[in-house]
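Participant: The primary structure of each chain is shown beneath.
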Amino acid sequence: MTVDFSWEIVGQLAWTGLATSTFYYLFAVAFALVLKVNRVWNFGQAGMMVFAYFSMYVALQWWAVPPLVGVAVGIVVTIAVGVALEWFGFRVLRNRRSSVLTYFIFTIAISQFAIYLGEMIFGAAPKTLYTSIMSPVFLVGPIAISHWDLRALAVTVSLSLALAVFLRVTKDGQSLSAVADNSELAEVYGIGLDRAYAISIVIAAVLVVAGMYLVGTRLPMYPATPLNQFLILAVIATILAGIGNVFAAGIAAVVLGMIQTFSILVISSTWQILIIYALIFITILLFPSGVVLKPPWRKISRAAEPSSGAAVIASSPSPANGGRPR
Amino acid sequence: MAIKRIVTKILVGKNPSSSNIPGGQQRGRIWITAAVAAGLQVLPGSGVWAQEALKFGVADPLTGPSAIFGLDQMQAVRWAVEDINAKGGINGRKLEAIIADHQAKPEVGIAVVNKFTSVDKVPVFITAFSSVVKAVASIADREKVLMLSVGANSPDIKNLGDYVYTMFPLADIDMKALGAYMVQKQGKKRAAVLYVNHETGIEGAKVFAQAFTHAGGEVVLNDSYEETRSDFTGLVLKVRAANPDTIHIHSNVSDFTALVAQMRQLGLNTQITSFQTAFNPKMIQEVGAGAEGIIVTAMAPSSEDNPNVAGYLNRWQQAYKREPIGLPYTQYFHDAPYIIAQLYKWVLDRNLPVIGENLRKALLDIKSFDLPLTTRIVFNDDHTVNSPTYFWQVKNGKFQVIGKQ
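Protein sequence lines, in the order shown, are assigned to chains A and B.
Following this note's numbering, the residues of the first sequence are numbered contiguously, the last one being 414.
Following this note's numbering, the residues of the second sequence are numbered contiguously, the last one being 504.
Hints are not guaranteed to be accurate.
Said to hold, decoys possible - With a cut-off of at most 30 Å between alpha-carbon atoms, the simulated DSS-like pairs for lysine-lysine come out as follows: (1) Lys215(A) to Lys233(B); (2) Lys215(A) to Lys497(B); (3) Lys220(B) to Lys284(B); (4) Lys215(A) to Lys284(B); (5) Lys220(B) to Lys420(B); (6) Lys460(B) to Lys243(B); (7) Lys381(B) to Lys215(A); (8) Lys466(B) to Lys193(B); (9) Lys204(B) to Lys305(B); (10) Lys494(B) to Lys215(A); (11) Lys460(B) to Lys444(B); (12) Lys288(B) to Lys494(B); (13) Lys497(B) to Lys257(B); (14) Lys420(B) to Lys214(B); (15) Lys497(B) to Lys420(B); (16) Lys494(B) to Lys257(B); (17) Lys204(B) to Lys215(A); (18) Lys466(B) to Lys243(B).
For the record, the hints were derived by calculation from the structure and aren't laboratory data.
Computed from a predicted structure; not experimentally measured.
Could you put together the complete structure from these sequences and hints?
Facilitator: Set out below in structure tokens:
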């Protein structure tokens, strides 16, 4: 049984795929930023997503507060969780010069704990942030465009621009880049590492909340979805983009989201989720250094950085860099 | 026996088995004891029963995505047991349901049923959800414990062994009827069939597709999705490309709502059909106007066909100010304890040991059961039951009966 796809359908796939990739973009940028600055493969981000989602769920569904207040509650809770993760988790592991494997186990355990907590309190049934997830739709030619699509794109573009400006213009933003480039040197120049690490986590928390709000206003979410789907895609996107390329990771996430969406043209819907896992294998085996092309001067100036995602995963922290994985 | 021992201890001051009271005096006191015990056992709701309770197991999802149905089904069971006990129980013995959570997962179901048979030692249990029913059937057969499936609808269930019976009509009844109904009564010719990739979805969708084709329609798309899926964008657009005039969704509870919502969002306003899982007022609330026109099947009578159903719905309104989720399922769950009570009575009346083998004999002997909400259920020789199929449609935000077959 074959289905003939018209250009209208392909256009709709492209538009809706782009809109639904916005939260993948936000999660990938958050993940890549923490990896770049804190040098941690923060699989605990899935736990932050769970806290973000259910704090907004409580605020919006139980307390029935306005959307902005609900998002504010989500931001406060998620920042608190993120900062606690950095202060009581990563900093301790950093001081102990723990191995990458220890970070991995610790962050995965954090996420699993958050999922367990979410299921225990709210049940394992999927939940949306509002009772109805219907959003008004209008047509542009044959393409159905929902208000949610426009809101998702607007939020994502705005947050991207704000982050770019913050990283390039503000002192704190520049200090994040300095810490990411060479933390020892940055410390010599008086940049507080703990502050930089905390700031990157706070930014990641805001991006996570924005992404989870978009998810919860369009799809029902199971507590395990952040770990099973969103985080995995963020990790692949980060590796594909090359370590340290924060915005490129976001773009890679959009590309991956589009690949997943368009795959329906050639495979059954049942197999769509498997594409993510296929991409993990392909990325790690064939593109360990990423596929995003960098200008030659970037390659030279960042030669000392770990250029390979697989290499970073496999590397052990060295006492020479304060036990931080490099 | 327990109550007799307690009352005798009060009167005699000793355990009756070690009594050394002279014969005549003892006989007199035993008569008094028996009289008091008899008085207590005919006081419904007194909380004191003549003998040990007659237990049965109930395994259903109380947590997880399917708990939305399981919790209401358990309430129906509790009410039925309360009502049976309020009328004196079974020959003066209390009926007791041991309720356990299987999360709609086969592996959890196996653990629960093992506990029923080896720890609780129940001779009969009821359960639902096709994947669970299939997983635990071999335990029922091995342990010779009677199992009644209440709500699982995979057609394979009738072939699971001597001790496995379904009191719920299987998908080959309502899906056959729906497939034909959509072609013959609704004039549909092109169906897209979507199903969740597990036992219930696969089998139900297969029967619908066959019936639709057999009635003269064409299945233009047949596709599935995984159970925890929530983004259906690609699938919805694939349906749009197939250009069906009706879409059948054989799904779980939550994915039906998400799928319908995303269809409507992407401008797909085609007629949708489903089965009893979609018989859910919460779905209408969540999808809003997008739910209008959805047709679902139900295998239990409506309040128009059975006045008891109206009283049952009132009970829900009084207790919870709402209708039960999945009304037809809850009707079957409500009536299951009545079947079990009749089986127990048959065994007790014949002074037979209360074991699964004898309960099965009772089922085969009685065969036809008159029940409060599902009216009459007759067990066929192939372990199934028959039932008319009711077609309900969402009209003005409520399910309304539009046909019966």
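Participant: Next, verify each hint and record whether it holds.
Facilitator: Against the structure, the hints:
Between Lys215(A) and Lys233(B) the alpha-carbon distance is near 29 Å, which keeps this suggested pair within the 30 Å criterion. Between Lys215(A) and Lys497(B) the CA atoms are separated by roughly 23 Å; this keeps the pair inside 30 Å, and the hint holds. About 50 Å separates the Cα atoms of Lys220(B) and Lys284(B), which puts this hinted pair outside 30 Å; it is violated. Taken as a hint, the Lys215(A) and Lys284(B) pair is broken in the structure, with Cα atoms around 36 Å apart against an allowance of 30 Å.
Between the alpha carbons of Lys220(B) and Lys420(B) the distance comes to roughly 37 Å, so the proposed pair goes past 30 Å and is violated. At roughly 12 Å between alpha-carbon atoms, Lys460(B) and Lys243(B) fall within 30 Å of each other, so this suggested pair holds. Between Lys381(B) and Lys215(A) the alpha-carbon distance is near 13 Å, which keeps this suggested pair within the 30 Å criterion. At roughly 23 Å between alpha-carbon atoms, Lys466(B) and Lys193(B) fall within 30 Å of each other, so this suggested pair holds.
The straight-line distance between the Cα atoms of Lys204(B) and Lys305(B) is roughly 22 Å, inside the 30 Å bound, and the hint therefore holds. Under the criterion of a C-alpha separation no larger than 30 Å, the hint pairing Lys494(B) with Lys215(A) is consistent with the structure, at around 26 Å. Taking the CA atoms of Lys460(B) and Lys444(B), the gap is near 12 Å; set against the 30 Å cutoff, the hint holds. Pair hint Lys288(B) plus Lys494(B) holds up; C-alpha atoms about 23 Å apart against a cutoff of 30 Å.
Pair hint Lys497(B) plus Lys257(B) does not hold up; C-alpha atoms about 34 Å apart against a cutoff of 30 Å. A C-alpha spacing of about 35 Å is found between Lys420(B) and Lys214(B), which places the hinted pair above 30 Å, so the restraint is violated. Straight-line distance between C-alpha atoms of Lys497(B) and Lys420(B) comes to about 16 Å, which keeps the hinted pair within the 30 Å bound. Using a Cα cut-off of 30 Å, the hinted pair Lys494(B) and Lys257(B) is violated, with the two alpha carbons roughly 35 Å apart.
Restraint check for Lys204(B) and Lys215(A): satisfied, since their Cα atoms lie roughly 20 Å apart, inside the 30 Å limit. About 19 Å separates the Cα atoms of Lys466(B) and Lys243(B), which keeps this hinted pair within 30 Å; it holds.
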